[in-house]
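Work out the full structure, taking the sequences as your base and the hints as a guide.
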Amino acid sequence: MSLISRASIILNRKFNKDIFAEKEAQQTILKKYQKEVDELKNQLMQADQDNWQEIKNAFLAE
1 MSLISRASII LNRKFNKDIF AEKEAQQTIL KKYQKEVDEL KNQLMQADQD
51 NWQEIKNAFL AE
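The sequence shown begins at 1 in the working numbering and counts up one residue at a time.
Just so you know, these hints were derived from the structure itself, not from any lab. Quick caveat: nothing in here was measured; it's all calculated off a predicted structure. Take the hints with a grain of salt, since some may be wrong.
Result set (DSS-like, lysine-lysine): computed pairs, CA atoms no more than 27 Å apart in a straight line [claimed, not checked]: (1) K17 - K31; (2) K17 - K32; (3) K23 - K35; (4) K14 - K31.
Pair ranges (Cβ atoms, derived) [stated by the list, open to error]: (5) K17 - D50: 43 to 53 Å; (6) A21 - A58: 53 to 63 Å; (7) F15 - I55: 55 to 65 Å; (8) Q27 - D48: 24 to 34 Å; (9) F20 - M45: 28 to 38 Å; (10) Q46 - N12: 46 to 56 Å; (11) E62 - K31: 40 to 50 Å; (12) R6 - Q27: 23 to 33 Å; (13) I10 - L30: 24 to 34 Å.
Where is the CB? At the ideal position from N, CA and C, for every residue including glycine.
Shown next, in the form of structure tokens:
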């Protein structure tokens with residue numbers, strides 16, 4: 001096997017490892033932000049329900 005072939009194989013393996021590590025990092029960040037988005041969505045839905053309940057109570061009180 002020539003030196004160029006070996007170097008090519010080594011560089012290709014390193015490149016693949018770097019790509020895999022980058023994808024793993026992106027997935028970790030994505031999971032973190034998805035969790036935050038889900039929490040905010042739940043808070044928004046709860047606030048919306050609370051607001052509708054207040055409106056309903058105000059109409060019933062009249």
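Right, here's what the structure says about each hint:
1. K17 - K31: holds (21 Å)
2. K17 - K32: holds (23 Å)
3. K23 - K35: holds (18 Å)
4. K14 - K31: Holds, at roughly 26 Å.
5. K17 - D50: 43 to 53 Å: holds (50 Å)
6. A21 - A58: 53 to 63 Å: holds (56 Å)
7. F15 - I55: 55 to 65 Å: holds (59 Å)
8. Q27 - D48: 24 to 34 Å: holds (31 Å)
9. F20 - M45: 28 to 38 Å: holds (37 Å)
10. Q46 - N12: 46 to 56 Å: holds (51 Å)
11. E62 - K31: 40 to 50 Å: Since E62 and K31 have Cβ atoms about 48 Å apart, the given range 40 to 50 Å holds.
12. R6 - Q27: 23 to 33 Å: Holds, at about 32 Å.
13. I10 - L30: 24 to 34 Å: Holds - the Cβ-Cβ distance for I10 and L30, about 31 Å, lies within 24 to 34 Å.
Comparing the model with each numbered hint stated earlier shows that all of them hold.
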